[in-house]
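Throughout, my numbering is defined as the position within the sequence shown, counted from one, plus 38.
Fair warning: there could be bad hints in the mix.
Claimed, not checked - In the SDA-like style, the derived pairs of lysine to any residue whose C-alpha atoms are separated by at most 25 Å in a straight line are: (1) Lys41 - Met250; (2) Lys354 - Met250; (3) Lys354 - Arg132.
To be verified - Quick list of the computed label-pair ranges, beta carbon to beta carbon: (4) Ala214 - Ala160: 37 to 47 Å; (5) Pro47 - Asp83: 18 to 28 Å; (6) Pro300 - Val95: 25 to 35 Å.
Hints listed in this document are in silico derivations from the structure and should not be mistaken for laboratory results.
We put the CB at the ideal spot given by N, CA and C, even for glycine.
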Amino acid sequence: MPKYVMLPPIDDDIREWAQQMREAIPGLEVVIVEDEADAPEALADADGAYGWVPPEVLPNVERLRLLQNPFAGPPVGWYYPELAEHSVVVSNPRGIYSDHIAHHIMMYMLALSRGLPYYAAAQAGGRWDPRARQRGYVNLTESTVLINGVGGIGAEAARLCAAFGCRVIGVDPRPAYEIEGEIIAPSDLDARLPEADFVVTTVPHTPETEFMWHADRFAAMRNSAYFINIGRGMTCKLDDLVAALDGGEIAGAGLDVYEIEPLPEGHPLWRMENVILTPHIAVADAENIPARRFELVLENARRLVEGREFVNVVDKEKWY
Numbered sequence: 039m040p041k042y043v044m045l046p047p048i049d050d051d052i053r054e055w056a057q058q059m060r061e062a063i064p065g066l067e068v069v070i071v072e073d074e075a076d077a078p079e080a081l082a083d084a085d086g087a088y089g090w091v092p093p094e095v096l097p098n099v100e101r102l103r104l105l106q107n108p109f110a111g112p113p114v115g116w117y118y119p120e121l122a123e124h125s126v127v128v129s130n131p132r133g134i135y136s137d138h139i140a141h142h143i144m145m146y147m148l149a150l151s152r153g154l155p156y157y158a159a160a161q162a163g164g165r166w167d168p169r170a171r172q173r174g175y176v177n178l179t180e181s182t183v184l185i186n187g188v189g190g191i192g193a194e195a196a197r198l199c200a201a202f203g204c205r206v207i208g209v210d211p212r213p214a215y216e217i218e219g220e221i222i223a224p225s226d227l228d229a230r231l232p233e234a235d236f237v238v239t240t241v242p243h244t245p246e247t248e249f250m251w252h253a254d255r256f257a258a259m260r261n262s263a264y265f266i267n268i269g270r271g272m273t274c275k276l277d278d279l280v281a282a283l284d285g286g287e288i289a290g291a292g293l294d295v296y297e298i299e300p301l302p303e304g305h306p307l308w309r310m311e312n313v314i315l316t317p318h319i320a321v322a323d324a325e326n327i328p329a330r331r332f333e334l335v336l337e338n339a340r341r342l343v344e345g346r347e348f349v350n351v352v353d354k355e356k357w358y
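Take these sequences, add in the hints, and give me the full structure.
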């Protein structure tokens, strides 16, 4: 009987998932490991697992065929060279957040294009100020949106942008989605940046994307353009972004992720009226995410038992 291990940390959702998996897949043994110290023994004869396998444990994991990553963009260190070389297939939950995060992107775009931060500041100060907006109005129907990363999130954002009449330029090294617009290679990014009224980045943190948003790229953007980061904080050098905002090289920004989290008290971004900050919560209150995550876990567990190919397979060397 194939064995599937649920690795720490364990919560009530995972305990419930384990029971549902046992009921839905009678041919699968599901084991919950509450204590990390017990993980090596449990993994020794496991065929599948949910969670993380440390480097020192991996050499003794010979049967493992599926490792379900709980994160679409895991913390640094989740992927390591030995894991990339191992025969285990890694799957992640990409796609389950797409609509929620795309809506968050549109919130930023609409608010920034209409000058909402300035009017919100006037409201907080009890001021009737029709001239509160300090930056030029952006008409979405005449705007160009460059979306860096056209996975599930980027593709859904592209669909919504096109519905508003935006011209869309997608950037992706291995396009998996069709969009109403064009998709270019990352090598063409710098040449196309000056066309964008909005630059939206959704990419995960990988060796290739770390600090890809830096001073030179902000300098290449239009002075009237807005930068939106909804992917991972380590893709953007915050000091360079602050300098670009202070110097008027870009018009403003919408950020849900940061190089340093939590964003420190007193950081310059807190005082900038042309910036919208949310504390990494784009999907925090989405009630259907746990159910979507479990459906993916269950589907791959079925495929494990039936010997079929897994879904959402990751390129372990690229981390996504």
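Verification of the hints:
no. : hint                        : verdict
1   : Lys41 - Met250              : violated, 41 Å
2   : Lys354 - Met250             : holds, 20 Å
3   : Lys354 - Arg132             : holds, 14 Å
4   : Ala214 - Ala160: 37 to 47 Å : holds, 44 Å
5   : Pro47 - Asp83: 18 to 28 Å   : holds, 22 Å
6   : Pro300 - Val95: 25 to 35 Å  : holds, 31 Å
The structure fails hint 1 only (numbered hints given earlier).
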